[in-house]
Amino acid sequence: MKKYFTKAYEWLDERLDLTSLSHFIEKKYVPVHAHSIWYYFGGVSLFFFLIQVLTGILLLFYYKGSADLAFESIQFIMSKVEFGWLIRSIHAWAANLFILSVFIHMFSVFFEKSYRKPRELTWVTGVFLFFMTLAFGFSGYLLPWNKLAFFATKVGTDIAGNVPIVGQIMKGFLRGGDDVTGATLSRFFGFHVALFPGIFTILLVIHIVMVQRQGMSEPMELEGRPEETKKSMPFFPNFMLRDLLLWLLVLNVLAILAVFFPADLGEKADPFSSAPAGIKPEWYFLFMFQTLKYIPGKIFIMDGELLGIVLFGAAGLLWLLVPFWDTQSSKGLINKKINYLGLFAVGFIIVLTILGWVA
Amino acid sequence: MKKIMLLTIPILFVYFYPAVVFAADDQCYTCHSALEDKESKLFKEDIHFKKGISCNGCHGGDKSSEDNDVAMSKEKGFIGVPKGDKITEVCAKCHASEKMMKSFGSKLPVNQYDNLINSVHGKSSTVSGSRIVNCTTCHTAHGIKSVNDPLSPVYATNIPMTCSKCHGDAAYMRTYNPGLAVDQYTKYLTSVHGTLNSKGDPKPAQCASCHGSHDIKPVKDIKSKVYPVNIPATCSKCHSDKEYMAQYKIPTDQFEKYARSVHGKALLEKNDPGAPACNSCHGNHGAAPPGVESISQVCGTCHALNADLFSQSPHKLAFEKKGYPECETCHGNHEIVTATNKMLGVDKDAVCSKCHQDQNSNGYKSAFMMRSLIDSLDNTKQSAMVLINEAEQKGMEVSDAKFKLRDINQVKLETRTQVHSFDAKKFKDIVDKGLVISADATADAKQAIHEYYFRRVGLGVSVFLISLLAFGLFLYLRKIEKK
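Quick mapping for you: the protein sequence lines, in order, are chains A and B.
Numbered according to our numbering, the first sequence spans residues 1 to 359.
Numbered according to our numbering, the second sequence spans residues 1001 to 1483.
Treat the hints with care, as some may be off.
Stated by the list, open to error - Listing some non-contacts, in silico: residues in chain A with all C-beta distances to chain B over 10 Å:
no. : residue
1   : LEU46
2   : PRO164
3   : PRO197
4   : GLU223
5   : LYS337
6   : VAL346
Unchecked claim - Calculated from the model, a selection of chain B residues having no Cβ within reach of chain A, i.e. all distances over 12 Å:
no. : residue
7   : LYS1051
8   : ALA1071
9   : GLU1075
10  : ALA1092
11  : SER1128
12  : ALA1171
13  : SER1198
14  : LYS1203
15  : ASN1271
16  : VAL1298
17  : ASP1375
18  : ASP1440
Unchecked claim - Simulated pairs of lysine-lysine, DSS-like, Cα-Cα distance not exceeding 27 Å:
no. : chain 1 : residue 1 : chain 2 : residue 2
19  : B       : LYS1483   : A       : LYS230
20  : B       : LYS1433   : A       : LYS80
21  : A       : LYS230    : B       : LYS1479
22  : B       : LYS1220   : B       : LYS1270
23  : A       : LYS28     : B       : LYS1483
24  : A       : LYS80     : B       : LYS1394
25  : A       : LYS64     : A       : LYS280
26  : A       : LYS231    : B       : LYS1482
27  : A       : LYS280    : B       : LYS1394
28  : A       : LYS64     : A       : LYS154
29  : A       : LYS147    : B       : LYS1270
30  : B       : LYS1479   : A       : LYS27
31  : B       : LYS1099   : B       : LYS1086
Hints listed in this document are in silico derivations from the structure and should not be mistaken for laboratory results.
Positions of the beta carbon are idealized from the N, C-alpha and C atoms, including for glycine.
This is chain B alone, in the form it adopts within the complex (with noise of 0.2 Å):
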């Protein structure tokens, strides 16, 4: 114990004692805490003023003059309080510098400056004219701790509460943005991150893993961390990250699978920012999986017809009694593949004999059927495929038939929706009509064909004939020209 002791008061000594020799030294300080004022008493706890930094470090000012009118005069630099965007400027003074953050020994990066005034919150606000967001609005001033002090407004799990300050004012945000959502922290309480953020744990997401802290950028922004494009990564950040997530007990290959699915490829290889991302099945703010039973609305916020047809099925009921989650069942969730007609009949690979291995039941015989019928619609479009391919080749116009192969793509379409009524009666109706197009663009293609070596012979009787009168001419001309 003895031991303990004589180590920690060296320790205690060299990490007060600049606050104290400076404090000795620091006539603003000793003033304004001889008043008593609430800025020198919140100083006292400030990061600031424990390593060191003075009044003068903000304000200007001479800090070793007892004199009020010297030390706190123009010609010492004395600014006095700063307002509006020169706040920032003077927190900028150090902490856009690398030199002098280093002579602090401080590790933190020195870019913070740079990305405020290029993210949203640094745009010029609506009633004060300055930036939105400055310094004091996140951190406080006078009181500033250490983002890892759990005292700290920015510390994990005080963020939420700092940022809904302002983003939980209706009135407020109405003169920013009137169509952003102000509900975001209520609903982030009842999400998984913020069920375990407020209850203390400091590693679920909050805001600021999500938005990032000085370089927020408005969501529509490409280079917006949760920028549809960018959700997967950003989520991945964590949920990826084996370690980190080891405590929470779930998978983390969630993002990997998402990259090898059919919304994956749509968002993070076609880039297109339509395709679902984690938030839209998972929610963003008040972020969760989806209940067995919310899967189809989920599903069906994009896929309503499909959803729609399924709550009509005999499957509805089916998959509730046993407790199926309901899309998923037959889907996946992560690595929800492109739809084949391998999923659909009795096959070994097919879903359905999943459930239906029974060759006399009704779903046994429908999915047998529907498969059959989902061929040959298929086989019949190969096959009039190759002949129209066979009429171009030989240069002949077939846009009207090739017109018609996207139709039976439209009619294919309908069918991977009226999958889900499971119904092989209404899926056949489907699939006729699809045959019958089929069957036309078959016989354009062949009449394409036919008319190539129609023309071929054609051409042979008309140079024959007309070699023919040319050899006469010549005869005659011959014999006139003879005389």
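This is chain A alone, in the form it adopts within the complex (with noise of 0.2 Å):
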């Protein structure tokens, strides 16, 4: 047996050159420190992305993206389809802590600083697939046709309708005409499982070949010791088992959840009906959504809402450019204003989220 294989090796390893490969493998290294353990959380995100996809073709094969249809073929998946309820339930789960892994590996990476050079692009890509993170979010929320996500739309598409300049074009081009309806789901389904998941994967595959060519950023209180004092494990098998292993236990949650909690699905959404009271959107919005309540309608002589979208723009913005305004980091000196600008952005985050879901 072992003969076939070997000889498998070899005849691919003529034409591909795995040697090669083999050889990069064996000598990469992952630093050991204090920190390490904030490693895992961009391999945790990758695994629930690899979960969302699986599932979400498994969905495929029974959901309908119409709106006669949709609501009663997830109520048929729910109910009818051997382990459909399981394959949704793990489908929403995995969602919700896709968005909080990505969160935790983006605020991670920016307390470590390790967007500095020459990780610019690696960061920028990055906050890219955080955006598309949450896009997903949006356009699967609407997926089931129901009485809560069609609202949510009603209102999220909204708010993107008060963007300036081009917010009126961007809500239309969203909804596929002035109201959320069946137009609507069909674009949203056609983003979430078709034009969302292919920028997703182009951009996945150019933030990991980045994280492999550059390796992983050590922290900068690490750089300029001498190369015996730092500790570091194998990336193979080591790491890789390791993230294995944390793999595993997160499978472990995941299935806890879709057990003991599954996916609801609530009514059918009826576009003639009235709102249902205090509607919020999904938690991951949450902070922005509370934010926008809270600003006056009119500030002098601007619209509130519109000045609080381009403030989330303008601090989107920032977010990305952050290796290019942060000039000190790269040059290896200590930034506290960044930490405090961390700080501050989980708080926001954390306390407008509290805020907004006890409101």
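From these two lone chains plus the hints, build me the complex, please.
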């Protein structure tokens, strides 16, 4: 048996030069230090993405993306399809945990200043990936075509309509008309299962290739120390197996959540009914939603909601471009302001999310 | 007698004094009465003339001038014969002014003008372009009498005829509302109200009692007194007034009872304009209590299947022989409540037991059987519901089973209809259909509960296996990292 494997490997090696790849993996080391734990969140995010792809494909076998059939098809998945309830519940829970994991990964990279030279572009692709996960969440939320999703999408696209200059065009494009209708569902379905996965996969490949090419970033305080004083572990098999161990634990958590708290379906969307009281977006948009609620209707001559959207847009742009304006970190200098800014952002998101939750 | 004469003379003097005085100074009236024209003859009996208002009150001009050219000059405000909407505006000059009306000692309301222009009659006429109805259309001109004067066209006993002048004219009404019937007056004369009214009794309802006078709205207008949800209140204004109704010797608790009934709740609480109001059973213009024979026809207007089944049932003949009012015998009249299982069967509360008391009779046996069947359907539905709720509380998807429960409700509805055939076999066939659905829903719910426990066991096994794999991996990692 071993003889056949060796022969197959040699055949492939002759054509694909696998030896150089295995040399690359063998030489790859991961730094070991007090903050090494944060390295795992990139892998956990990847694991969630893979689960989403797998469960998403399974759901596609039965899901029907039209206003007349979407709700009923999910009802069918939940009650008639063998393990359909499990697949949908895992898809729903993994979506939330995916976004949470991406949040943690992004902030850990931010606090470690791992975006500094030469990893500026890795950060930029990462932030784009973060935006994509939010877009996945927003587009996927409407697909069950239930009352809550319908009105949340209405509110969400209304907010998008307030973006200066392009707002109304963007709103019309997202809705596929003046209002949220079956046309909106069709295009959200298209975004969710074709457009976004395509863009996400390209960005993800670029992101991972860059991480592999540049290796894991070391904390700033370790830079400049003699190599022999630094600890590290081989990427293969040690780090990969540790990753796998964490993935198994995460899978357990997912299974428990899916069984004990299966995804709810609610009532079918009815465009002629009134919006349910106290409608809120998903938790990952709650901090922005709550902030917009606190901003007064008019601030001087400017519309309050418009100002809020402009500020969030500016904050997103600043966040994306951190490596280019935080020049101190790239020079190896400690920049405490960045830490304070990060802490403020985390505090702001947590507090506003809690306020939105209890409101 | 002498004393009476002595008292009467000053009273008559006080009453006619203004007219006498005004007539003396009133050159308009003096000339026109000398001409013996129709207007002046009529005006002599007009309430306005008696209150001292002269021709110039409406037509303008100077009543003190003997010169025609001066008296009827534009400079003196003469407007000639007011036409169209101008008529109502002339009347409104006084009738819409509280101060003016007080000056004549009148207690008449001053909102007639506003009411009229906002009423259905205040709309533009298709023929003249002015309002459909102006004051003189109903009250006439020059010979206007008090509404309490039996000679007035708007006195209670004259109103039906006054209204029917237009509303009974098919050609005229076609130009405004071709869909509106023109036989109201004919029907009214056949009604209890109309019969009494035509005998000279001003108390029974006539057109204005229900539709209003100046403020008449179209029936479809929610503000109309005869809009379906307003009808019970309109009728009860008289019919709930014990004092007013005393002389007619009929009960005055109909509204109270109706409000408690299933029809009343639908109309008055749920504001369902399709629910039956008083007129649905009694008629409107031809209102009368339905006779014993016509009750099932009246109820059958809406409850067609029930009426049909009843008319083919053995009860039809039996009730006819005994002179029992059909539907009313079991359901009552104004206070018809939602039919429950309790009405059926041989218990003391059941309506069947009022007649079917012989335990060996077919009627008794059928009633007993039908009650048992409907109770068993209710019981199975109840237990299915408990199981479905339990499964739902456990987070299971049971929409199919819940849908089946709705089918059972449909079956129950069918039994409610079928009971009117009083055929226990047909009744059983329908109940059996419900029992099958109920068993199906119960099986679904049990399956969902079983699935719930299966999921937990499955989770336990999966978590154990994954944990085992993770533990193995952990041990392997420890081993390779020790090296």
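Verification of the hints:
Residue-level check passed: LEU46 of chain A sits 18 Å from the nearest beta carbon of chain B, beyond 10 Å. Residue placement check: PRO164 of chain A keeps its beta carbon more than 10 Å from all beta carbons of chain B (closest about 44 Å). With a closest Cβ-Cβ approach of about 27 Å to chain B, PRO197 of chain A is found to remain outside the 10 Å limit, as its non-interface label requires. For GLU223 of chain A, the shortest C-beta to C-beta distance to chain B comes to about 25 Å, beyond the 10 Å cut-off, and the non-interface label holds.
The beta carbon of LYS337 of chain A sits about 39 Å from the closest Cβ of chain B, which is more than 10 Å, so the claim that it is off the interface holds. VAL346 of chain A, annotated as away from the interface, keeps every beta carbon of chain B farther than 10 Å; the closest lies near 30 Å. Residue placement check: LYS1051 of chain B keeps its beta carbon more than 12 Å from all beta carbons of chain A (closest about 58 Å). The non-interface label for ALA1071 of chain B is consistent with chain A: the shortest C-beta to C-beta separation is roughly 67 Å, beyond 12 Å.
No Cβ of chain A approaches the Cβ of GLU1075 of chain B within 12 Å, the least distance being about 61 Å, so the stated non-interface status holds. For ALA1092 of chain B, the condition that its CB be more than 12 Å from all CB atoms of chain A holds, with the nearest at approximately 45 Å. Non-interface call for SER1128 of chain B relative to chain A: holds, since the shortest CB-CB distance, roughly 44 Å, exceeds 12 Å. A cut-off of 12 Å between C-beta atoms confirms that ALA1171 of chain B is not in contact with chain A; the least separation is 44 Å.
Listed as a non-interface residue, SER1198 of chain B keeps its Cβ farther than 12 Å from every Cβ of chain A; the least gap is roughly 52 Å. Consistency note on LYS1203 of chain B: stated as away from chain A, and its beta-carbon is indeed over 12 Å from all of that chain's, at 48 Å minimum. Once the 12 Å rule is applied to beta carbons, ASN1271 of chain B is consistent with being away from chain A; the minimum gap is 18 Å. Non-interface call for VAL1298 of chain B relative to chain A: holds, since the shortest CB-CB distance, roughly 36 Å, exceeds 12 Å.
Against chain A, the non-interface label of ASP1375 of chain B holds: every CB pair exceeds 12 Å, the least being about 31 Å. Every beta carbon of chain A lies more than 12 Å from that of ASP1440 of chain B, the smallest distance being close to 14 Å; the non-interface claim holds. For the proposed pair LYS1483 of chain B and LYS230 of chain A, the alpha carbon gap of about 18 Å is at most 27 Å, so the pair holds. Proposed proximity of LYS1433 of chain B and LYS80 of chain A is supported: the alpha carbons are some 25 Å apart, at most 27 Å.
Between LYS230 of chain A and LYS1479 of chain B, the direct Cα distance comes to roughly 22 Å. Compliance with the 27 Å bound is thereby established for this hinted pair. Distance check on the hinted pair: LYS1220 of chain B and LYS1270 of chain B sit about 18 Å apart at the alpha-carbon level, within 27 Å; holds. For the hint linking LYS28 of chain A to LYS1483 of chain B, the alpha-carbon distance of about 18 Å falls within 27 Å, and the restraint holds. The suggested pairing of LYS80 of chain A with LYS1394 of chain B holds, with an alpha-carbon distance near 17 Å, which does not exceed 27 Å.
In summary, the hint linking LYS64 of chain A to LYS280 of chain A is supported, as the alpha carbons are separated by about 26 Å, within the 27 Å threshold. For the hint pairing LYS231 of chain A with LYS1482 of chain B, the CA-to-CA distance comes to about 15 Å; that is within 27 Å, so the pair holds. For a cut-off of 27 Å, the pair hint linking LYS280 of chain A to LYS1394 of chain B stands: about 25 Å separates their Cα positions. Of the pairs offered as hints, the one joining LYS64 of chain A and LYS154 of chain A holds, with about 21 Å between alpha carbons and a cut-off of 27 Å not exceeded.
Under the criterion of a C-alpha separation no larger than 27 Å, the hint pairing LYS147 of chain A with LYS1270 of chain B is consistent with the structure, at around 25 Å. Restraint check: the Cα-Cα separation between LYS1479 of chain B and LYS27 of chain A comes to about 21 Å, which is no more than 27 Å; the hinted pair holds. About 21 Å separates the Cα atoms of LYS1099 of chain B and LYS1086 of chain B, which keeps this hinted pair within 27 Å; it holds.
Hint compliance for this structure: no hint is broken.
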